[in-house]
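Participant: As a plain string of letters, each chain reads:
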Amino acid sequence: MATLHTVNKSPFGASALQSCLNHAKDGDAILMFEDGVYGAAQGTIIADAVAAKSGSLSLYVLKGDADARGIADARLIEGVTPVDYAGFVELAASHDRTNNWL
Amino acid sequence: MATLHTVNKSPFGASALQSCLNHAKDGDAILMFEDGVYGAAQGTIIADAVAAKSGSLSLYVLKGDADARGIADARLIEGVTPVDYAGFVELAASHDRTNNWL
Amino acid sequence: MEDNIKKFLYVNRKAPYGTIYALEALEVVLIGAAFDQDVSLAFLDDGVFQLVKGQNTDGIGVKNFSPTFRALGDYEVTKFYVEKESLEERGLTADDLQEIMYEDEDDDYAEKPSIRLVNRAEMADMMAEQDVVLSF
Amino acid sequence: MEDNIKKFLYVNRKAPYGTIYALEALEVVLIGAAFDQDVSLAFLDDGVFQLVKGQNTDGIGVKNFSPTFRALGDYEVTKFYVEKESLEERGLTADDLQEIMYEDEDDDYAEKPSIRLVNRAEMADMMAEQDVVLSF
Amino acid sequence: MKFGIVVSEGPYTHQASDSAYNFAKAALENGHEVPRVFFYHDGVNVGTRLSIPPQDERNIQKQWSALAGEHNVDLVICIAAAQRRGLLDEKEATRQGKDANNIAEGFRISGLGQLIEMGIQTDRLITFGD
Amino acid sequence: MKFGIVVSEGPYTHQASDSAYNFAKAALENGHEVPRVFFYHDGVNVGTRLSIPPQDERNIQKQWSALAGEHNVDLVICIAAAQRRGLLDEKEATRQGKDANNIAEGFRISGLGQLIEMGIQTDRLITFGD
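Chains as they are written, first to last, in numbering that gives the first Met the number 0: chain V, 0 to 101; chain X, 0 to 101; chain Z, 0 to 135; chain U, 0 to 135; chain Y, 0 to 129; chain F, 0 to 129.
It should be emphasised that the hints constitute simulated quantities derived from the structure, not laboratory data. Just to be clear, a hint being listed does not mean it is correct.
[As the list claims (entries may be wrong)] The following residues of chain F were derived to be distant from chain U, with all beta-carbon distances above 12 Å:
1. Lys24
2. Gly30
3. His31
4. Pro34
5. Pro52
6. Asn58
7. Gln62
8. Glu69
9. Asp88
10. Lys90
11. Gly96
12. Glu116
13. Gly118
14. Asp122
15. Asp129
[What the hints assert, rightly or not] Taking lysine-lysine and the DSBU-like style, the derived pairs with C-alpha atoms no more than 30 Å apart in a straight line are:
16. X:Lys24 to F:Lys1
17. F:Lys90 to Y:Lys61
18. Z:Lys62 to Y:Lys97
19. Z:Lys83 to Z:Lys111
20. Y:Lys61 to F:Lys97
21. F:Lys97 to Y:Lys90
22. Z:Lys5 to Y:Lys24
23. Z:Lys52 to Z:Lys6
24. F:Lys90 to Y:Lys90
25. U:Lys62 to X:Lys52
26. V:Lys52 to Z:Lys83
27. V:Lys52 to Z:Lys62
28. U:Lys6 to F:Lys24
29. U:Lys62 to U:Lys83
30. U:Lys6 to X:Lys24
31. V:Lys52 to U:Lys83
32. Z:Lys111 to Z:Lys6
33. U:Lys5 to F:Lys24
34. U:Lys62 to Y:Lys61
35. F:Lys90 to Y:Lys97
36. V:Lys24 to Z:Lys62
37. Y:Lys24 to U:Lys62
38. F:Lys1 to Y:Lys24
39. Z:Lys5 to Y:Lys1
40. Y:Lys97 to F:Lys24
Ideal Cβ placement from N, Cα and C applies to all residues, glycine included.
Just chain V, same shape as in the assembly:
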């Protein structure tokens, strides 16, 4: 009964990612897309908080959005998996519900 959480806002401008991390349960997945992809990059002031969850949660980033913002795969936090839209759809299908942190 796991949940796919989606986050589409920059973690530096908005509190959505932090709130999502606070409410996701072990075994859930988080997909970062649109401006949410900035949460998937290494070396930022929130990267440690995200990386700390990579054991208990499955973390994904939408590759098209990361590419658009100049975030190369090599800059992703370890444990964050890039997916395309087909992968996004499959994540939504394989989890019991989506919870969209707008």
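Take the given structure of chain V and dock chains X, Z, U, Y and F to it, following the hints.
Facilitator: Using the frame of chain V, we list chains X, Z, U, Y and F on its own:
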């Protein structure tokens, strides 16, 4: 040559108030309005950061927006002055420029 | 899951008036009440501000919709989950919220409070039990 | 202040693509260049993301407008103030930004960088010197 | 699997309507169904036929209308949200005494009940917003 | 004193257009001038005559049109932003081959130069947005 800064976003959901506080110069004024009025209330996790600036900055809140959100005058941080729209206009007129933290 | 009865959760994370999401979320809840689903409302982050008592919008020319929350009990919308940590961060306690009651038809129409204070972990648990989560 | 010459500052605090503000700010800068004012651009908070190099929007079906920044020198828009603290918080250095150059007509058309790294206090000072601040 | 999709923000201003389109397209291409997309809040503005984006930009309304035509997707615009924002079909315009309408091909205006119904009848619901 | 005002968000969805209206009204009532208001980004949607807000809500478009009529305020909608979002006047509709227009009384569509000009010619500029 002082500036009137305006902040219209909740300090809990967005970074605008913090960024404004980081960039306002001594002698400047900050008007909190719309959802920005939550930054003017006592007892919140950001109230100390706002109160700490009440010596070097002039802090204002738009009373109509505070009333709409159930923030009574008695709950305002000490040093925050409620103004109406006429007061807002005079603040804009009496400062050399406005800097709107959207 | 009973046939055609789903657990619907409406998630409110935004403050009222600055944007229309809170008002238009309420419009969905009102319409949704006619569908006989198992409805819950979550108020967390800035969403807790929607329930604060003493809202008076005369000074900004916008309609005060906060009284509508008190009418939801009549539509059998009676589960308002409000997160304690969100209140605390914002300098609020349960006393700062409006009283929202409903009549429990399974208990001789006794008046009961619709607001259920929950901590963050309980909010997460409740969210994880839903079939449909609608966020505003 | 010279007659009819004002100091215009365009403030960019939002990331590109997720919202249109960055693109439509750039459209204002392009049109504004025709008015012979004293123009500066500020990039702080998420606005620094607008200047990151290597943007490729093929996967999302949206136009990549980042090359346009490099054309602004031809319109005599040559002052890009970028905040160091904003870069650092986001794990970025100046090397992660595109190279944006202009030809200095007062210096025998020497090629010079348009990006000026400033710290937070310098950003605040620069903002306080403006006549008109337009925020996006 | 049946996906229900909510679009909560207007075109061009927020990426939401683009992301929702890309998601819907990928779902349909991968054998899923998207019986309905519900446009709420500023999302209703996706359905205007009067938009004229620059030649080198995507036309979001036409993308949706084409997808709906190809795959029989029901594009529903919320009537209450649409009235506030000035998105009308011919019937509503006549009923309200307005001299014009602006709805695009493939979209229809209906009530919020269609959103709840979508939540009940689909297997997964996802909202694209801000 | 002359105030220039920018409205960057659409009506009802964000409070920006209400706040800008209240500010403009207060400025005019207190002896200041508001020669122009410039509608940009989603702010262009304030100028549609097709909106039908509920009876118990304010009508933001009509408030602006009335204020402009009383005080001779120039309500300018940015043409580039308006085209993307489907806000047209009769001339633009004809030129672009569209079968309808939706601009309200008291508003006019013009270029971004009008925003810069407002910045140059007013004493203070203030933006209401999100």
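Participant: Next, verify each hint and record whether it holds.
Facilitator: Do the hints match the structure? See the list:
1. Lys24: Per Cβ check, F:Lys24 is outside 12 Å of chain U; nearest 22 Å; holds.
2. Gly30: 22 Å, holds
3. His31: Non-interface label stands for F:His31: nearest chain U Cβ at 17 Å, farther than 12 Å.
4. Pro34: 15 Å, holds
5. Pro52: 25 Å, holds
6. Asn58: Label holds. Min Cβ-Cβ 26 Å, cutoff 12 Å.
7. Gln62: 24 Å, holds
8. Glu69: 27 Å, holds
9. Asp88: 20 Å, holds
10. Lys90: 20 Å, holds
11. Gly96: 23 Å, holds
12. Glu116: 8 Å, violated
13. Gly118: 4 Å, violated
14. Asp122: The assertion about F:Asp122 is violated, with a minimum of 10 Å to chain U.
15. Asp129: Violated: least Cβ distance 9 Å, not greater than 12 Å.
16. X:Lys24 to F:Lys1: 25 Å, holds
17. F:Lys90 to Y:Lys61: 23 Å, holds
18. Z:Lys62 to Y:Lys97: 25 Å, holds
19. Z:Lys83 to Z:Lys111: 20 Å, holds
20. Y:Lys61 to F:Lys97: 14 Å, holds
21. F:Lys97 to Y:Lys90: The hint holds at about 19 Å.
22. Z:Lys5 to Y:Lys24: Since the Cα atoms of Z:Lys5 and Y:Lys24 sit roughly 27 Å apart, the hinted pair holds (cutoff 30 Å).
23. Z:Lys52 to Z:Lys6: 28 Å, holds
24. F:Lys90 to Y:Lys90: 25 Å, holds
25. U:Lys62 to X:Lys52: 42 Å, violated
26. V:Lys52 to Z:Lys83: 23 Å, holds
27. V:Lys52 to Z:Lys62: 42 Å, violated
28. U:Lys6 to F:Lys24: 28 Å, holds
29. U:Lys62 to U:Lys83: Holds, because 28 Å separates the two Cα atoms, which is no more than 30 Å.
30. U:Lys6 to X:Lys24: With Cα atoms ~19 Å apart, U:Lys6 and X:Lys24 stay inside 30 Å; holds.
31. V:Lys52 to U:Lys83: Answer holds: V:Lys52 to U:Lys83 is near 28 Å, not above 30 Å.
32. Z:Lys111 to Z:Lys6: Holds: Z:Lys111 and Z:Lys6 sit about 21 Å apart, inside 30 Å.
33. U:Lys5 to F:Lys24: With a Cα-Cα distance of about 27 Å, the restraint between U:Lys5 and F:Lys24 holds, given a limit of 30 Å.
34. U:Lys62 to Y:Lys61: With Cα atoms ~17 Å apart, U:Lys62 and Y:Lys61 stay inside 30 Å; holds.
35. F:Lys90 to Y:Lys97: Roughly 19 Å between the alpha carbons, so the hint for F:Lys90 and Y:Lys97 holds.
36. V:Lys24 to Z:Lys62: 38 Å, violated
37. Y:Lys24 to U:Lys62: 19 Å, holds
38. F:Lys1 to Y:Lys24: Roughly 51 Å separates the two Cα atoms, so the pair is violated.
39. Z:Lys5 to Y:Lys1: 15 Å, holds
40. Y:Lys97 to F:Lys24: 28 Å, holds
Hint compliance for this structure: hints 12, 13, 14, 15, 25, 27, 36 and 38 are broken, all remaining hints hold.
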